[in-house]
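Listed below, chain by chain, are the residues.
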Amino acid sequence: MKLLLINNLFQGIWADTGFSNLYWDNGIMIFVGLVLIVLSIKFNLKPILLIPLALGIVIGNIPFMHSTPYPLGIYAEGSILHYLFFGVLKGIYPALIFLGLGAMVDLSPMIANPKLIILGAAAQVGILVTFLGAIILGFPVAHSASIAIIGAADGNTAIFLTSQLAAGLGNLPEAAKVQGLIGPVAIAAYLYMALVPVIQPPIMKLLTTKKERLIRMKPQRTVSRNEKIAFPLVFLLLTTFVAPAALPLLGMFFFGNILKESGLTKQLAGTVSTVLIDIVVILIGITVGASTQADVFLKWESILIFVLGALSFMVATAGGIMFAKVMNIFLKKENQINPLIGAAGVAAVPDSARIAHEMGQKEDSTNHLISHAMAPNIAGIIGSAVTAGLFLAFIL
Amino acid sequence: MRTLSIVFDPSLIGSQTLILSILGYCIVLLTLSAMAYFMVRFHSFRDYMRTKKLKKETTQAKAAPVKVVMTGEENAAIAAALYLFFSELHDQEKYVMTIKKVSRTYSPWSSKFYNIWNNMKYW
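Quick mapping for you: the protein sequence lines, in order, are chains A and B.
When we follow our numbering, the leftmost residue of the first sequence carries the number 1, and every step to the right adds one.
When we follow our numbering, the leftmost residue of the second sequence carries the number 1, and every step to the right adds one.
It is worth saying that the hints were derived from the structure and are not from the lab.
Remember, it's a predicted structure, so these values are computed and weren't measured experimentally.
Think of the CB as a built atom: it goes at the ideal place given N, C-alpha and C, for glycine as much as any other residue.
Any given hint could be a false lead.
As the list claims (entries may be wrong) - Going by beta-carbon spacing under 7 Å, a handful of chain B positions derived as facing chain A: (1) GLN16; (2) ILE19; (3) TYR25; (4) THR31; (5) LEU32; (6) SER33; (7) VAL40; (8) ALA64; (9) VAL68; (10) MET70.
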């Protein structure tokens, strides 16, 4: 009798462990998470984003008994992870990240050379092409929009759009499906953000000649403080009037920028651009990673999302470069644009601008493109947020 | 997962979706172009105002020319400064870099070890 009791006790303990609940798909996801951690550390692939994300993948795939009396998984209502995931599901984290981003970036390159803003819009062509491509591949319209926004290479916009689409669809069965896309879409967007140094340079090299890569751009003029304060306000009004649905992103972005540029709220700007953004990046990384629970994530759909996301990102890069080349036809020789900075039109800030600069430096070490490349880069953030707003307005 | 069914049907893009997509893209392009246009116009306007102000000031200056009177001492000082400047000209620099060694006396207040140890306490 005693032996039986001990046996039952051990069986109960065993049934509760991860070993007894382990399925091959959990194993694959844990392996993927571990590989991402190693890659991120070894090759310095945006570790600030990729390490929380990859560790989240590992945490989210630790097998456990689903019939526990206490909620445990990220999708189990009432669990701690679920509460942390709330900020993703409701689009709170992306808005806070945009606030920090606004307080970090300097709009001067954009104000000094306004024509570079158009490159940010040109890069959005990747989103358009992928949106149509996803529909052709049988994805519903809301899904296609979420997938296409990966082309902006901005995980925050992707999370914002997907969560808002899911919220907007209300109690329809479609809403749960769109919500399930948050994990794959965000992972793809963050991954491509980390892979900017791998994906963009071959496309940049392929689409430009050596002569074009050597183009030196006119040094930028100094931007006055008044301009730095006035223009964010004008941009805020203009963009949010066009796409009010993007207000949480754009409002926060320009709010952060005003905090920085006013010069009188340095303490607030400092907090949002350092402490707050770091906290939110930790929370968004770990929860989005944990949302890739194998039973929800490991589907053929996810692989298709990754393929389409990569396509979107590549087309966006190419779109920016080609548009810069077209612009050069109409510009005077002294105002020519180095087409490399067109690739910075995707919203991966500041990685794509840095890559454009590095590519330019490889050809001519005295050619500094970083400040020029920041203009389309920031325009890319604004453009992708406007695109997300328009998707919301058109679809819902 | 666990079945793979990939559809490829261009007819799934309805005419309405296509129009809305292109329209959406055009709106983004126009919005950002409007931002650029606004800034360009603003810069032109600012330059115009500056030129106008400068012209006004020049006209006023021309209308009442100020007679510049320079004393002999001032002329001598300028001449001396110019002489010193041109006599100091080098044709070529040496291109030799020297490193100035700075030694600091040890103090526990500037010690790296103590600082790291103190920070550790808050972890």
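For each hint, the structure was consulted:
For GLN16 (chain B), the interface hint is violated, the least distance from its beta-carbon to any beta-carbon of chain A being 10 Å, above 7 Å. The criterion of a C-beta within 7 Å of any C-beta in chain A is not met by ILE19 (chain B), whose closest approach is roughly 10 Å, and the hint is violated. The beta carbon of TYR25 (chain B) is positioned within 7 Å of a beta carbon in chain A (closest approach about 5 Å), and the interface hint is therefore held. Of the supplied interface hints, the one on THR31 (chain B) holds, with its beta-carbon coming within about 5 Å of a beta-carbon of chain A, less than 7 Å.
Interface hint at LEU32 (chain B): satisfied, since its Cβ lies 4 Å from the closest Cβ of chain A, which is below the 7 Å cut-off. Given the 7 Å rule on beta carbons, the hint for SER33 (chain B) holds: about 6 Å separates it from the nearest Cβ of chain A. Interface hint at VAL40 (chain B): satisfied, since its Cβ lies 5 Å from the closest Cβ of chain A, which is below the 7 Å cut-off. Interface restraint check: ALA64 (chain B) against chain A, minimum CB-CB distance 31 Å, threshold 7 Å, status violated.
With its C-beta approaching chain A no nearer than about 31 Å, VAL68 (chain B) sits outside the 7 Å limit, and its interface hint is violated. Because the smallest distance between the Cβ of MET70 (chain B) and any Cβ of chain A comes to about 34 Å, over 7 Å, the interface hint for this residue is violated.
Violated hints, in rising order: 1, 2, 8, 9 and 10; the structure is consistent with all others.
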